[in-house]
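Which chain is which? The protein sequence lines are A and B, in order.
Here my numbering is used: the first residue of the first sequence is 57, the next is one more, and so on.
Here my numbering is used: the first residue of the second sequence is 1429, the next is one more, and so on.
Calculated from the structure, these hints are not laboratory results.
Hints are not guaranteed to be accurate.
Claimed, not checked - With a straight-line cut-off of 25 Å between C-alpha atoms, the simulated DSS-like cross-links for lysine-lysine are:
#1 B:1533 to A:86
#2 B:1536 to A:86
#3 B:1641 to A:185
#4 B:1620 to B:1595
#5 B:1648 to A:185
#6 A:86 to B:1595
#7 A:185 to B:1481
#8 B:1523 to B:1533
#9 A:86 to B:1562
#10 B:1533 to A:185
#11 B:1523 to A:185
#12 B:1481 to A:86
Stated by the list, open to error - Residues on chain B that point at chain A, a partial pick, calculated with CB under 7 Å:
#13 1455
#14 1458
#15 1569
Unchecked claim - Anything over 10 Å on all C-beta distances counts as not near chain A; from chain B, calculated:
#16 1479
#17 1558
#18 1582
Glycine is no exception: its CB is placed at the ideal position from the N, C-alpha and C atoms.
One letter stands for each residue in the lines below.
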Amino acid sequence: MLSDIKYFFKIFFPSLSILFLIFLNLFISKNFFDFGQLFVFHAIFFWLLYSPQLIPFYIILIFGVLQDIIYLSPIGSTALIFFLLVFLFEKYNKFFLEPSFFELFISFIVLFTIGMIAFWGLNSLFNLKFLLIDINFVYKILLNIFFFPINYFFLYLFFKKLNLNKKL
Amino acid sequence: MQTGEITSFFSLKIRKKKDLFSRYSFVFFVILSITLIVFDKKGILNSSYVRSKIVNSIFLTKDFFLSNLPKLDKLRLSFTSKKELILENKYLREKVELNNLFKLKSQKLEIENNILRKELSLQPPSIENYILVKVIADVQSDYNKTIIINAGKNMNINKGNTALTNKGLIGSVIETYDRYSRVLLINDINSKIPVRVGSNNVKAIISGNNTNKMDLLYLKENVSFDDGDIVYTSGDGGYFNSGIPIGILKKNNNTIHIEPFNNMSEHQYINVFINQFKNF
């Protein structure tokens, strides 16, 4: 029984970490730092890298839709941006066989910036006009870049503790 | 799908080269996302029902967890020193005195207002009914400016009710759930409010643009404004009551914009006007 619970916890840990980041941004960090809707990409990026089998597409879709519901975006828009980033991630993944942390960090910065711009483009399309980009846009990118190594460190810690690199 | 074998924190070793996903499932999920967007935008999807259920579940869960946490603030209170209590008592006495003064002033103004209403032969509106609500989640993003408050259908809040503070208008209720509601802020890009500007009562529409500087639209030609003109709701269209202050007009070279009186990102408590008289 306990081993079953442990097994399911391991299986769902990546999803739980994404859910945790959604609620962290919504209820806690928003009072100090607003990371924006793409904050959960920190976790998606990490799990795509280390344990892609634990983060299937329907999970990305569900969490994208959940974010859209919370933030009143058109349902499916955040998931679409995540899928674009997953696609780009897959393309990038083919170029590097053994990336160092620095390379991963640079890739994250590039992907996250593309995601932010794509999200702006999509929202401009919905409103049929170019939305204003202010200093907050750059601030959010910088904030996410700054906090990515911290999230990466904690996720990596759990990843090792739970032995998620072993076949489940 | 394959997992790479990781040997150290800073480097990945022997990542097996294999596609992360099957192309077909990826394409399927992309098409599904696009379909959801189209359905939501066209209103085919009954998203407000889904939103209602999910938002209620999220915030009820949050409330449940918060109510079961140990009451740290009460613990802190028990350690408050006598000196602090005396100071607090003094402060509260001063505040009560001040509030009594304001109460007297407001009673005087109310009497004066009633006399003036009679003079103008205006019928008073139906009973005004404000509810003080708490902002439980600031769900503003770069592209949507909404907040969630802790009162919904249970408190007779309806779609279209006005949300305001003592400084002025904040927005209007756009979705009501069982115990929560969502308020669209006036600086949201979808917010368009008929207003009157300055002492000349020039009619216009203010439109949000997701920033703290709102645009003034549909102005008549050869209309001039002064820097610092106050902008009020005009009540046209019957959506908002007339005379609710919104913001102040600012001139910058040849451009004008409206700065709202309320700071849109720092609301804690707001009033919702639940019995507003429409088409007045």
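Hint by hint, here is what the structure shows:
1. B:1533 to A:86: violated, 39 Å
2. B:1536 to A:86: This hinted pair is violated, its Cα atoms lying about 42 Å apart.
3. B:1641 to A:185: With Cα atoms ~17 Å apart, residue 1641 (chain B) and residue 185 (chain A) stay inside 25 Å; holds.
4. B:1620 to B:1595: holds, 19 Å
5. B:1648 to A:185: holds, 24 Å
6. A:86 to B:1595: Cα-Cα ~24 Å, so holds.
7. A:185 to B:1481: violated, 32 Å
8. B:1523 to B:1533: At roughly 15 Å apart (the allowed maximum being 25 Å), residue 1533 (chain B) and residue 1523 (chain B) satisfy the hint.
9. A:86 to B:1562: Satisfied, since the Cα-Cα distance of roughly 16 Å is no more than 25 Å.
10. B:1533 to A:185: Violated - the C-alpha atoms of residue 185 (chain A) and residue 1533 (chain B) are around 48 Å apart, more than 25 Å.
11. B:1523 to A:185: violated, 49 Å
12. B:1481 to A:86: Holds, at roughly 23 Å.
13. 1455: violated, 10 Å
14. 1458: holds, 5 Å
15. 1569: Hint on residue 1569 (chain B): holds, closest Cβ of chain A at ~5 Å, below 7 Å.
16. 1479: violated, 5 Å
17. 1558: holds, 25 Å
18. 1582: holds, 20 Å
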